[in-house]
Every structure is written in structure tokens, then in C-alpha cells.
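In the order they appear, the protein sequences are chains S and P. Going by this note's numbering, the first sequence opens with residue 2, and the numbers climb by one from there. Going by this note's numbering, the second sequence opens with residue 111, and the numbers climb by one from there.
Hints were generated in silico from the structure; no laboratory data involved. Quantities reported herein were computed from a predicted structural model and do not represent experimental measurements. Among the hints, erroneous ones may be present.
Calculated lysine to any residue pairs in the SDA-like style (CA-CA distance at most 25 Å, straight line) [what the hints assert, rightly or not]:
hint, chain 1, residue 1, chain 2, residue 2
1, P, 554, S, 63
2, P, 507, S, 131
3, P, 494, P, 629
4, P, 642, P, 596
5, P, 554, S, 36
6, P, 554, P, 486
7, P, 554, S, 39
8, P, 580, S, 136
9, S, 10, S, 20
10, P, 554, S, 10
11, P, 554, P, 527
12, P, 486, S, 44
13, P, 554, S, 47
14, P, 507, S, 127
15, P, 580, S, 10
16, P, 507, S, 39
17, P, 379, P, 255
18, P, 670, P, 642
19, P, 554, S, 270
20, P, 554, S, 42
21, P, 580, S, 127
22, P, 580, S, 217
23, P, 303, P, 255
24, P, 494, P, 505
25, P, 580, S, 131
26, P, 301, P, 238
27, P, 303, P, 538
28, P, 507, S, 43
29, P, 554, S, 138
30, P, 580, S, 221
31, P, 554, S, 32
32, P, 690, P, 189
33, S, 10, S, 179
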Amino acid sequence: MNLFQRALKNKQLVVGSVLGLVVLALGAFGPLIFGAYDTQDLLLGHKPVGTPGFPFGTDALGRDLAARATYGIRISLFVAVSVTAIAVVLGTTIGLIAGYVKGAVDTVTSWIVDFVWGFPLILVAVLAAASIGSGLVPVILAVGLVNTVAIARVVRGEVLGISEREFVVAAKAGGYSSVRIVFRHIVPNVIPVALVLSSYYVAVSIIAEASLSFVGLGAQPPLPSLGQMVSDGRNFIRLNHWEATIPGAVIFVMVLSVSLIGDGLRDLLDPRLRTAVERASAT
Amino acid sequence: MESSANHDPVVNGATNLVANYQSGKISRRQFGKGLLALGLSTGAASAILAACGGSDSGTSDAGETTDTVASGEPKVGGQLREGYNRDVSKHDPITTNWYDPAFSCIYETIVTDDYDGNTVPQFASDWSVSEDGMTYTFTIPEGRVSHSGGAMGAQQVAEILQTIKDTSFIGGVSTVPMEGYSVEGNTVVLKMKNAWLGALNPHKTGYWALANIDTWKAAGGADPSSTYGTESADGTGPFTHTEWVPGSHTLVTRWDAYPGSNTPYITNKGAAYLDSVRWSVITEAGQRATQLESGELDTLIGPSFADLERLRGNPDLTVIQHPEWSGYHLTMNRDYPEFFGDQLTRQGLSHALNRQGMVDAILFGNGDPTYGPFPKTDRQYEPKVEEYNQYDVELAKSKLAEAGWVAGADGVLERDGTRFEFDYVVEDTTEQKQVAEAVAQQFKEVGVIANLKVVDRSVWFEQASGEGRKAAPMALFFWLWPVPLDILVIFGSSETIPVPNFSHAVEPTIDAAIDEWRLAGTEEASVVASSKFQLEWADKLPYLPLMNQYATFVHQNYVKNWQPFVWNLYPVYNDVWMDK
Chain S
2 MNLFQRALKN KQLVVGSVLG LVVLALGAFG PLIFGAYDTQ DLLLGHKPVG
52 TPGFPFGTDA LGRDLAARAT YGIRISLFVA VSVTAIAVVL GTTIGLIAGY
102 VKGAVDTVTS WIVDFVWGFP LILVAVLAAA SIGSGLVPVI LAVGLVNTVA
152 IARVVRGEVL GISEREFVVA AKAGGYSSVR IVFRHIVPNV IPVALVLSSY
202 YVAVSIIAEA SLSFVGLGAQ PPLPSLGQMV SDGRNFIRLN HWEATIPGAV
252 IFVMVLSVSL IGDGLRDLLD PRLRTAVERA SAT
Chain P
111 MESSANHDPV VNGATNLVAN YQSGKISRRQ FGKGLLALGL STGAASAILA
161 ACGGSDSGTS DAGETTDTVA SGEPKVGGQL REGYNRDVSK HDPITTNWYD
211 PAFSCIYETI VTDDYDGNTV PQFASDWSVS EDGMTYTFTI PEGRVSHSGG
261 AMGAQQVAEI LQTIKDTSFI GGVSTVPMEG YSVEGNTVVL KMKNAWLGAL
311 NPHKTGYWAL ANIDTWKAAG GADPSSTYGT ESADGTGPFT HTEWVPGSHT
361 LVTRWDAYPG SNTPYITNKG AAYLDSVRWS VITEAGQRAT QLESGELDTL
411 IGPSFADLER LRGNPDLTVI QHPEWSGYHL TMNRDYPEFF GDQLTRQGLS
461 HALNRQGMVD AILFGNGDPT YGPFPKTDRQ YEPKVEEYNQ YDVELAKSKL
511 AEAGWVAGAD GVLERDGTRF EFDYVVEDTT EQKQVAEAVA QQFKEVGVIA
561 NLKVVDRSVW FEQASGEGRK AAPMALFFWL WPVPLDILVI FGSSETIPVP
611 NFSHAVEPTI DAAIDEWRLA GTEEASVVAS SKFQLEWADK LPYLPLMNQY
661 ATFVHQNYVK NWQPFVWNLY PVYNDVWMDK
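Just chain P, with the same shape it has in the complex:
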């Protein structure tokens, strides 16, 4: 991984370039161009060149780099063609169950993260929190409108935020400590039920994107027949919703009336440089890199890890990698108590899984095993979870035996006349199928049969999210969220059965840890609660944690300022331009 310790994309990029240059994968000229593309000054680039390659910086190289600087002024125009490793979700923050990179173009959030993970304004021009942590105040700039021309003042912002809180299933369950939003002059005021350190985090996600509430209502609101997010979307971001074709692509085009961003690190303070951005859905892992290498794409989100070494060696491309707040988990539907009702059985299954082996084989080492709910790179990661769920087949067998399972004539475990065999639903993507197959085979080695059902995304959601035994006994799922705890509490809370607590797990100690976290008004209290939550999860196993992968992005070197970083899921497209 290029940057597990450092979250600054410039440093990450420079580190990559140094490694590639020193290993001979790129030339001195390409190295210099790369440094300048990262925004380093000529002087800084020369210093790094000298440090890495000796002191014989030739005049031709210097000339090349000077030319690059001269041509470094942002160029307006062009369509950014981006490969995307998932199917597209509807562009409706309230009803979507996933948010895609197009959300970063169409919408703004009220605040966001900077490169260091600090909260900075986005749509709001300023924000503050009261000393007792009970009131957050967001200043809304005057005269702002959405793409449709509708007003986006404090009243509209407060209304959409309140609607998200009241209507969105994710909004409702992840904002329990919030009382509600009101308007005071040109500010939106968020009142809390109790001080809570995590109050701002949901506001930075696509699920809290600021849509024009009137347009949203007119298109059908939360009704399943609504056309909002599919035929139209109305935000305040630098691009407008243009085409949305599931399974194929999404297109957004520049909004010329965009007044510029309030976010400090976004350098472009006017309309976007790009004419449009088009995301192509490429769920076949092997196709993504090929299309980038052949020039059909300018940028790529989520290349196959099998292709990464080759992409890193391509001097025309830059690979960006950093920790990702994501994870693969297995649900175990507690409404099948004959299989997953007892902790010993769940622990037995967990010990049967070679997580590091799966990271090495499937992610090519680009990830980490997870023994609790969090990825180990999270700021609140509790390393003591690693005392649980380690790979130990003998321990797995003994736990299962202790739970009363005995091998039948064909080696498959049985208990009280029930054979340990169940259906196991997995989404039809290359990586998820591999993970699912690897898991199923490891279960088989301890006498448990998990019959794979490979289905598309919508069917997966339907089969994983049913009530009671309508949901599949087991499902593999992948989550992605900027702040792990925010989302994992709603997967583990007994308040959210059957969705998104797909396991239908009721664990009082996990609920208690969640309650404690929701009452945490200080960093220390939050860490303590988070630690309890993780340890209880690792022990009680509402889900089986598997592994998490590193976020990986690749771009052609002519694409400038396309800089995904660890605190945002996707790049900021308003700064992006192409030098070709």
C-alpha cells in the first residue's frame, strides 16, 4: 500500500513516483512531469529529483518540466471518461442505498472533510458548535439556487436535512441523538438531544446531499414510483444530472452558473473546467484496466488488484491508493436459530476462515483481514479485536463440536436432526464471487455446506433484507462509508432489523455500546464506547467480519487534480482538468 500512514495525496503521489523512478519503471522525464502534476513547484520537484536521481539534472529535463509548468494552467473543456466498478445507484440522497461518485458532482453537502479529516465548510459558508455540544449552527450563503433555479436558502436547506432525517432509512437510524433542524435568519440550526461527537459525520456523506426539496417532492418524493434521481436530480454542485442508465453509464454536464465552492482546499472557485463527466459501469474486474490502458477511459475507480502491478509500471498512468473505510462481512440470519442462534457456532465458523489468506489470494495483499467490525486503519480501531476470530481450523472444529454439532455419514455436521447446510446469497461481481467461494470452501472443510446463490445487486438486496426467514440464512455484503462507526452501528443495532441489520441480531451488549457511543460528547468517551462496540462485535459476532480492501484509483497522467483522498470516498471533480 502506498500510503497507509500518510493521508496526504500529494505525499502519496510523490512517494509512488519516487518508488517507480527508483525501480526504473518510469523515466526521469516522466518522474519530473509526475511531480509537477501533483502540484509541486519546479523547485520542489528539482529537489526531489536531485535527491532521488543524483545531481546530473540535464537541461533537457529541466526544459521539459518548465514546459509542463507553462502548460499547467487549467484547460477548460472535454469529457472525463471514468470507469466505475459498481452499477449506478439512483441520484436521490434520500432513497438510494448507495451513493456514487456522481453525487460529488451533482450535490454539495453542508460540510465536508479536508485532507486531514478535519471538518470544513462546503455548501455552508461557515459553521460552529456551542460549548455544550448541543447546538450546531451552519451559515447559509445568500442568493444560492439549485440547478433548476429554485432557491436554496436556509429554509430549504433545513427542510431537506429534516426530510433526510425523517425519511431516509439511513438518516433516521444514524441520527438518533439529533433533535432536528430549524432556521434562524440565514442559518440552519441543528439541536441535539445530547452532545454527540459524531453529529457532523453523516452530514458529510452523499446521504445528506443537499437536494432541492421542492423538486424532490414534485418528482414523487419517497414514493417508489418517484422519478427523482433517475430522470432528474436537482442539487447545487458544479455539474447537472444528464443521463442515468443502470448497468451502462451516468453522465453529468457542467453547470455554468455554479458560483464556486466554499471548501477551502478546492482551488477552482468558479464553474468546473470539464464539460462533462461520464461514468461507465464496468463490473467485470478484468475489463477495467484494459479499457484504461487502451485509452477508452481517462480515470478509473477500483481496478482489479490483479492488474495493479501492471498499471503501476505504466508510465502514462498514476496509481493512487489509500485506506478505505469498507469491509466484507457475512450476515448470519438469527431467524435461522438452528444454524446461527448460538455464539459457539458463530465462533466456530469464524475460526474456520483464513482471512489473511483471502487478502493475499483475492486482494493480492491490497487489504487487511478484519477480526472485528472496523478496518484496522480507522482512527478508533481497537487492536484487541485481533485476539478474536483468528484462523484455527482445530479450534473451529472444537467450538462446533462443543455447540453440539456432530459429523454425519457424509461428513456434513448435524445437530438435533438438522443438517448444517444453508443458502448463501452473493452479489454477481468478480470480487464478491471469489470471496464467497473461498468462504464456502473453508466452511466445507469443517463440515458446513453453504450453497452459493449468485444474483444481481437488486435481487441480493431483496433476498438479504427480508423479514424473518424471508431473508437468506447467509449473505455476503460489502459496505463503504467515510466513518465506519456511523454505518456499523446501524448494521449491528437491534433497532434496525431487518434492514440494515441483515443478521436480525439482537445483542444487548452491542446495543449498550451503541447507546454509550451516541451519548459520547468527548473524544475520550467516544473512543471508550467505540472500543466496547468493537470488542462486543468481535465476541458476539452479529456478522462474520472478513477483510477490508484499500481504495485504489488510477488516472491517465494528462488528467490533473483528480485527487481522491482517504477522507472522501470520491475525487472532487470541480478541480479536475485535462491536459491533452
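Chain S on its own, in the form it takes in the complex:
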């Protein structure tokens, strides 16, 4: 059975992928279907789901929740992908260097990683916002920084283990350069870990962006971040709960989809990676 056939038999991967495709389609085409996210009609505020012309209803300013939620998907995905790309590239590089070089480099790197890892995400985000202002950039930097050290920790541990394996020892004994050993023998063994971790951290990033926007540190109005929409909508939860429920449900489906894909990938690529991922999840 080839990889594709095995993937089709993996229920988590299939369900996650279908949900993911739906979310992607909504993010890609939703704004084209529902129109601009900031068009307001002050006479049409707080309309419930199913209102003609507004399938998801409207918010306080009469803005179409469907248009805003689908645009919010774009923002969430943009942040999640940006953050994860930063984190995977930097985290993997740092973990590789620390784990392979060892010694003082590993000690200093580990100290810095542990130091950053000790700060709550929200505090890092506040510091970033205080330094460069509110908006998506500080969110990406803050979440990217924290996720980078998380990935660096896991990759470093993997590299420490792989470095002791026979094929690496043999390569060293054969006089190959460190660069060759790292790229030919270690990196290929670390990539599956990084891939699975990246799916996990996409989900983490979506939640982090939504959380930071919920407390006002993320996207600034009128950009419709899903977290900010939940925050705004909860003020009218008794009047028209859809204003909070719709963006909340979108966040839920996005995270569920990415999590299922991650779990499916893990099982597909290497069941033994479960331990590493669970370790990352625990931290």
C-alpha cells in the first residue's frame, strides 16, 4: 500500500482534510461571495442567522458576519502560516545547531530557549505590542518567538538522540564534514518531526492569534479577526448570540481540522513520533 492509499484509510487525516478544504474554500472565496467585510448599514444591526441577504446575520454596525468571518479565516491562516513558517525554520535551525554542536553552544542556546519558554505568551505579546504597537506584526513576532523555542527544544532533543546513532557515528568516523553529516544524515530524520510539530503549531497559532485579538492585542478594527469578533459579539450574547457564536465556531472548525490533520500525519509518517509530539503538547 503506497502512502496515498494509506492516507485515504486514515480517518483523522481524511476528516481533517475535508474540514480544512472547506475552511480554505471559505477563506478563499467567501469574501468574493459575501462582499467587503467593512460595509456597514447602521439600520441592520444585530440580525440573526438566516436573515435574507445575511446568511450568518449581522453585527452591531450592520456588517455581514459571513463576510467578516470568511475574511477572518484569511487573517487567522495568514498569521498561523507565517508564525509556523518562522518557527519551523528558526526552531529547527536552532535545535540542529544546539543538538549537534553541543558544549557551550548547547548550554547557552538551551538557557536562552528555557528563558523565553518561561514567559507566558500573553506577556511576550504585550511586550511586543508595547515595543512596536498593536496589530498583526507583533502577534506574529510574539507567537513566532514562543513557537520557535518550543520547536527548538524538541528538535534539539531529537538531534541529540540521532547524533548517537550508528550511521552518524560512522559518518563522523569516515571523516565527513559536519555540514554533510547534518544535511545528509540528521536533517532528513528531523524533518518528519518538524512537519508533525508544524501542524500542531498551526493550531496553536490560530488559537493564540484569536486569544490575543480577543484581548485587543491583535488585528485592529475594522480588520475582522475572529478573536476580536468573539470579543465584540459577547457584549451582545443575550441579544444576538450569533455575533460571538459564528466566529467561535469558525475557530473551532479550523483548529479541529488542523489537529486532525496533524494526528493523521503523525500516524501516517511514523507512529513512533507520537512520543515526541506528546512531549511537545505537554510543554
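With the hints as your guide, set chain P onto chain S.
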């Protein structure tokens, strides 16, 4: 609105009750209890019941109401838990930039307003004004002390008032016609430079609260490092400053040595009934009503208007609403002349705003659009301002075009190579964010981009109050003051740049109207000057007026005598007690 025409809270309350009873929202028993809670006699309550509900007043209802009367004697004790819709300001009348309800507990002012807006004594036992309007004399009661035990005689009162006038930024700019204070025996004498009808108004506000000047100085005075108002406060009011935690709460506790109020309408002439009052800061609009309904709060200032209908239908609660002397305005920093330097552009922006739409959508109809500086319920409101600034998108576009703005490739206006796009600062509260977003989108519809920066209160003040271009190009602000003209002149005067003239606007005709008002010694002269001021404001637009909201308060029915009314911003807490 329950009481736009009538400012008597008893009448307002009775009107609410009648409406709720007739609509079936409350039972006959609750209706009767409500009337009695308002202080109406059993006979009056029965008469209203009969008028509203027919003549079949059952004996059980009568029995209930009699019981309520029997238990109507004020009960001593308990903590009043009040929800507050803003963060707390320091309890220092001189250095604060806002005064909170705790000021009504900790401090007294020398005079105050009664239910009809007439001046009555508060700390002073009496006051008078000379026939020529040049001298005000306040009689200070003998033997009064502040919470710390320090003397609060005429000397101390004159000194704190003079310090407020000389030191407070609000005091200095709003007391231009005042010469100063002196002591004659047991009286404080205020000498005027010219007769001015508005002389007493500032004295009724929290910014003129009578603090013990020695304590204030000892804590650091006006120095930014002073601990006065945060760690301590020393007034003569019925409660003492106990805890002050920004972002969380404020606590005051009963001052047992309080000798009683000189204010005629305050019925409790001794120490307060309540043990303490605690204000919880709840800036998330949706949380306020929920906490009141769940019993975590006894009273609430400023519920979300989205929750008002539900609160009105709750038989355990009473909603009080009346006009509020407040308003939402947009600053337009004139040190960005490329955007706001010309009147045509400002007028174009103003015509782009659907004020009534914002009142309906954001305030749920609980307010009025404002086309000039004043709320329309003010006594000196000039209705001719409504000839200006009406919503008309086509007119907005034509004014902007006439001002030289042309649409760029992306639809955003440009003039002389400058794109009409600027930063727009707004305080991080639910209502203000909504107003700011609504405004920004309406600007966008005429090709103007206002980029919102949502910041907390202190950052807002910092970014709105800078000199020159250090201040944001545009900021949304909300003002609240018992007498609109008193505060609006200092927002519009060229003497007060950059604070609180956040727009840095120099308008000679507005300055002239302010000068005329400051020289107004009669009601007629004051009205004429006020009218000029409003019309010039509506035309020259130092700020963009948006709308004003109605003051709204809610209390559990077991809370008695908690009666905010139109002439005071906050309730009088010395009379409040709880029947639970």
C-alpha cells in the same frame, strides 16, 4: 427615554413603574412596592394603583404595601456593590482628569444642585451673591474637620479653592472671570473680575471638591509622584477613602464622625447608613448587566444599552434614565493642516456622518445626534445648530471636492500629493470602539481613510494631548460634565491648546463668543453668548460633534434612596440604604 421632559427622579421612577405595570412587565405587588420605594405615601401609591390598574385593590396587596412601609425605616449596615462603566480616576480633585462617583462619598462641594437645578448649600451652610454680581459669600460652619481630623474652617476652604483655581488645569481655564478667594470671619468670599452668571457652576463639580489642603500638600501636592488620591484622600464627605485599585475597584467606608449634610434634599442628617461602597470597574459592556442580574451587584452605572430592554423587564430591578450632559466628539488636530486646516474639508467630513444612524445602532436609540457642541436637552441648547452638519453624503463629497480633494486610483482622496489617510486614536471601551468603527467606515465611503488605533485610557490621553503633531491627527473623546458650556469652552478656546483643546483649533469667532459668555452677568446675555458659541462651533467645526447618550442607572429594588438625577452626575450616597 423615561424622563427627557421631567427631571424629578420620583416622577421619572413613577412613570417607569406605570409603564412597566401597564405593559404587564411587573405585577401589581411589585408596582406597589416600587411606588413606595420611591418615597410615595401609601395614599399616593394607592391612588396611582387605582388609576393604573382599576379599583379592585385587593387586601393582600394593601397588606404587602403596608408591610413595606413598616419595613421602610432606613436600615444601617451593608456594603453597596456598584458596577461602574469606567476605570477609576485618582481621588484628587486638583490633578484628576475625571471625577468618579467616589468623589460624591469622600468629598463635599461648597454648593450643589437640587432636583430642579437650583443652587443649594452643601459644605457651606449658606451662600449669597451681591447685587452687582461681583462678590459671592459662602458661610462656613464652625468646627468642621476632615477625615484626618484636620480643621476645615473658612481659611482652609478658601485655600483649597484658591489652589484649585491656580493649580488645576480645568480650574484655571474655567474660572477666568474669577479674581480669587479670601476669608472674612467665618465666610469665604469670592471676588469676580466681572459679573458672571456661571460663577457657581464649577464649584458644584468634583474638580472643586473640598479636600484638606494640608493633607494634599503633605502627600505631594500637584507633583506627579504625589500619593494623594491614590493612597489617601482627605475630604469632609460621609465616607472615607479606603482602597483605590485602577482597573479593578474603589472602596470607601463610612465616616462615623460625619456631622450630617447641609444640603436640604439630603434627608439623612447624620452618618451614612451604609458601611461601605465598593465600585467595580466593568469596562466590558456586556458584563455589567449580567453581574447585576446574577446578584453580584446592587447598583449599576451605565449598563449596555443592548441590555436595557431586558433590565426594564426584570421586576427586581429599577431603571432610571435622564438626559446626560455628555457627548462624543472627534478631534481634528489643526497641526495637520493638510487634512483639517480648511473649513470646507471639516464640513465635508461632518456631512459624511449619519449621526442618527449611530444613535440608533450603537445607543439603541438612547441618545440624540448632536450637530453642535451641546446635547439638545441642555437649557441653553440652540436648535439652529441643526441647520448644520446634517447627514448628506453627496454634499460631503461636493464639499471635499470643492476643498480640492480628488479621488486617487484606489478611490482614496488626494490633494497636493497628500493622501487623505491618518491615524485615529480611540479608547478601548466597547462603546467607543463601536463609535470609532462606524465613523471610520463612513469616512471611507467618501474616500477618507481613518486608521484606528485602539489604546487604553492613559495612552489615549497621552496620544491626544501632545503638542503640535505629537498629538494624533484625530481622536474620539467622550466628555461628561454637569454644565456643558463650562467644559466645552475650554475644549474650544485657543487659550487651552494643547490640553484640553485637543484639536489645537484657533477660531477667533469662537474665542469672541467665549469672551462674551464670560462677561455675561444676566441670563439673557448668557443665552445670547451661548447661542453664538454653539453656532460658531457648528459652522467652524473645531471638533466634529457626534451624539450624546442618556444617563442610565439600574438598581436592585432593595436598594433605597439611590436616586441619581439630571443635575448631578452621580447619586447621593449618604441617603442610600438597603432593605435586605
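Does residue 127 (chain S) sit within 25 Å of residue 580 (chain P), going by the straight-line distance between their CA atoms?
With Cα atoms ~23 Å apart, residue 580 (chain P) and residue 127 (chain S) stay inside 25 Å; holds.
Holds or violated: residue 554 (chain P) and residue 63 (chain S), Cα atoms, limit 25 Å.
Roughly 16 Å separates the two Cα atoms, so the pair holds.
Pair hint outcome, residue 554 (chain P) versus residue 270 (chain S) [Cα-Cα no greater than 25 Å]
Roughly 50 Å separates the two Cα atoms, so the pair is violated.
Is it true that the CA of residue 642 (chain P) sits at most 25 Å from the CA of residue 596 (chain P)?
15 Å, holds
Hint consistency between residue 507 (chain P) and residue 131 (chain S) [alpha-carbon to alpha-carbon, up to 25 Å]:
38 Å, violated
Please work out if residue 486 (chain P) and residue 44 (chain S) have their alpha carbons no farther apart than 25 Å.
Answer holds: residue 486 (chain P) to residue 44 (chain S) is near 23 Å, not above 25 Å.
Holds or violated: residue 494 (chain P) and residue 629 (chain P), Cα atoms, limit 25 Å.
Within the cut-off at roughly 23 Å; holds.
For the pair we were handed, residue 554 (chain P) and residue 42 (chain S), check the Cα-Cα distance against 25 Å.
Roughly 13 Å separates the two Cα atoms, so the pair holds.
Holds or violated: residue 554 (chain P) with residue 39 (chain S), Cα cutoff 25 Å?
10 Å, holds
Verify the proposed pairing of residue 301 (chain P) with residue 238 (chain P), using a straight-line Cα cut of 25 Å.
Distance of about 12 Å is within 25 Å: holds.
Quick one, are residue 580 (chain P) and residue 10 (chain S) close enough, alpha carbons at most 25 Å?
Judged against 25 Å, a Cα distance of about 62 Å means the pair is violated.
Distance restraint between residue 580 (chain P) and residue 131 (chain S), which requires alpha-carbon spacing of 25 Å or less:
Holds, because 18 Å separates the two Cα atoms, which is no more than 25 Å.
Violation of the numbered hints given earlier is confined to hints 2, 6, 10, 14, 15, 18, 19, 23, 27 and 33; the remaining hints are satisfied by the structure.
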